[in-house]
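Engineer: So the chains spell out like this:
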Amino acid sequence: MELIIQDLGFIIGTTLMYSTPLIFTSLGGVITERSGVINIGLEGMMYFGAFAGAAVAYFSQNPWLGLLCAALGGAFWGLVHAIACVSFSAEQIVSGIALNFLGAGSALFISRLLFDGATQTLTVARKIPQPLDFLFGEGKMFPSSGFMDLVFNRFATVYLAFFLVFVVWFVLYKTKLGMRVRAVGENPEAANTLGINVTRIRYGAVIMSGFFAGLGGAAMSIAVVSRFSNTLISGHGFIALAAMIFGKWKPQGALVACLLFGAAKGFEIFLGSKGVPVAGDILAMLPYVLTLIILVGFVGKTTAPAAIGKIFDKGDHS
Amino acid sequence: MAAIDFSHIAVEMSGITKKFGDFVANEEINLTVHRGEVHALLGENGAGKTTLMNVLYGLLKPSTGTIKINGKSLNIFDPNIAIKNGIGMVHQHFMLVESFSVTENIVLGNESTKSFGILDTERAEEEVVHLSEQYGLTVDAKALIQDLSVGSQQRVEILKTLYRGANILILDEPTAVLTPQEIRELVAIISNLTKAGKSIIIITHKLNEIKQMADFCTIIRRGRHVDTVKVSEVTEEELAAKMVGREVSFKVAKEKQNPGEKILDIRELYVEDSRGVMVVNGLNLQLHKGEILGIAGVDGNGQTQLIETLTGLRKAKSGRIEVLGKNITNLSPGKIINKHKVSHIPEDRQKRGLVFEFDIAENMILESYFKPAFSKRFTLLRQNIYKNAATLIEKFDIRPQDATVQAKSLSGGNQQKMIIAREVSNEPELLVAAQPTRGLDVGAIEYVHQALVAQRNEGKAVLLVSFELDEVMNVSDRIAVIFEGKIVGVLDADDADEKEIGLLMAGGTA
Ligand SMILES: Nc1ncnc2c1ncn2[C@@H]1O[C@H](COP(=O)(O)OP(=O)(O)OP(=O)(O)O)[C@@H](O)[C@H]1O
Ligand SMILES: [Mg+2]
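These protein sequence lines map, in sequence, to chains A and B.
Position one of the first sequence corresponds to residue 1 (the numbering used here), numbered consecutively onward.
Position one of the second sequence corresponds to residue 1 (the numbering used here), numbered consecutively onward.
Note that these hints are calculated values from the structure, not bench results.
In this text, all values refer to a predicted model and were calculated from it rather than measured experimentally.
A couple of the hints might just be wrong.
Among the chain B residues that face chain A by a calculated CB cut under 10 Å, a handful are [stated by the list, open to error]:
1. Ala82
2. Lys84
3. Glu98
4. Gly109
5. Gly117
6. Gln212
7. Val277
8. Val279
Here are a few chain B residues that sit away from chain A, every Cβ distance over 10 Å (derived from the structure) [to be verified]:
9. Glu12
10. Ala176
11. Lys262
12. Glu272
13. Glu322
14. Asp359
15. Ser368
16. Tyr369
17. Tyr447
18. Phe483
For each residue, glycine too, the CB sits at the ideal point set by N, CA and C.
Please build the complete structure, drawing on both the sequences and the hints.
Structural biologist: Set out below in structure tokens:
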């Protein structure tokens, strides 16, 4: 019994840990798509954020500064996407694909410059801290490696992610700004006739999506692990995108979906650690297979914002 | 009619010219509207009425010309400036966020908030309720737009402008999509608004509405100002003549003709709507060669579903539809169109009639692209396609005369002409026309009616569905009255009487 509870704690703990980067990134997806702009460049922005976070944390020895710079780095690529898609009416998918290459390429380029030609950073001295650590251990409130420790002794990014789900939900549904963002994503022409600046709203939303994807990347590189490497992100941005769709473009929905994908990863690690006779490569496929199954089988008819991906043209430039 | 304050000029547009590329949509137009006045804008489809109003509302920038609002010269380059100066516009195509509530749509862009930009939904709802009571515009503040009737959606649009304190209201074809009952309500609303000192600019193609509501009328033809008249001093015929530039006949000329063999035979048809409610209830109908059969009825009595079933867009629950003796019940639209020669002028031209992003030529071959004239093996014969379009544009007087223009940039009337050109050129045995003149100017209506009669004279059958009783009585040879999904009476158009039909439409017995 004891053992089963501990196993359960282990699975929940790893689920939380691996869901966190996805949660940040898919929140970014929710924000941009709610404003009507598709951003499949989240993967690249996450990739860049993972690198920037680790590099800054390594040199400054300050994980918080790393996290901030990761977010700003992601936001920068978000700005590029916004310029292409909003100002120049570029095809959003194409710009997104380009950004996936640009985000990853620029991260590797800078990495080679800073780390002697390596496509990975060195291990950071200080990772994102675990704020509740003082509660666990010998003679503390909870024993170490017990259920409570496994579940609740998590990196600050985990708590931040949950908090931001609430914040994004609140802003989108309870504030003036959020209502305008949703209106622009549903019917930009209508918003325009009411004097709402569609361009400005979309710029803000796309930049914020990059900001969140950057956070997601750093949540991977300086919390889950302690350095950036070129295979670290490998598709997490796309899984976050799928989670957003599975979550029906809602922050709380995206949260549930990310937890599900995180759980798949948790199981993979759990089964691996128990030495079940299944090849590790097969286990590692679990989250991706789950993504496919869910998208094909369970999402069904979703309600995307009505104006998603459509170019808004004020119609008159003379 | 409310008192007009002639000492106060609310809107003064002078010398407005608007060009789209080389095309001049407005040329040197002047418009003056006083406080408390209802001013109608009349003009053919594509004359430039919407364009002129978009200029006033700041959605389009005029190439030249000046605008004064309440005596103040303004450069309105943005709707925000128009809104700030008390101008509100209800657009020809509604500008509503379907998934938002009535209140959210009304306050959007002008939200009442608590601190930190948090929405104050309760206060907003109270304001909306208050405003709707003040002007007699009944709406459910909490309902979602997508669940509302067109009439209610329009009230939301009007409330949107009033909420922003508009004193000058632009209504772009507000009655085109309304039922007669809703139109009566709108007339009352407009009179409430002018009593409150507001000025109204209304665009409509219905001359009787102009006579009924407007004080003055400005007529525009092909982008140019023709005349501004005092409505009480002109007749409907004079208005029509000024607008089209020639006499328009309101009566459709047609020779008596003996109908031939049976083309359409509908027996005991039952159809459900998308909510699963049976809306066509054992309908029987026969139609012959060389005959126009008009279906008269109040909106929502199963007309839409009947037509959808007839054209293969909806499945019948039971019953049988035959065309020239062959069963077409529940066949695919493609088979019905091409094998059984049934053409369809759909009710909703934007959703079903056209591909907006395609150009005129491409829209013209939507049903015949695979025919040898237009395609060979795997390629389209573009030369033939554009030649075909040029012929149809000429024959049906579609403007602009350019086959490469996207369907969406045509005016409503010209979009309708395109559809008619395509459907008629497909040489159908049976032409199903649903609300074919909705939103059209009197000249275009005359044209459409003539096209329908021409089909009939060629020995084809025409099924006309319209909510305008005048139209049905004018054009048809026989009139079938539909009520709650059943034909409750068939009358000969020559000796049909409006009262009798009205009574049948309301479910009474003649
Ligand atoms: N954005 C645009 N670009 C190019 N041409 C346009 C544009 N908007 C309108 N036009 C053209 O300008 C002309 C006037 O259009 P407008 O919509 O003002 O007509 P309208 O009088 O409102 O007609 P309707 O009664 O059919 O609504 C039309 O020929 C139309 O094709
Ligand atoms: Mg118009």
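Engineer: List in ascending order the numbers of the hints, as given earlier, that are violated by the structure.
Structural biologist: 6, 7, 8
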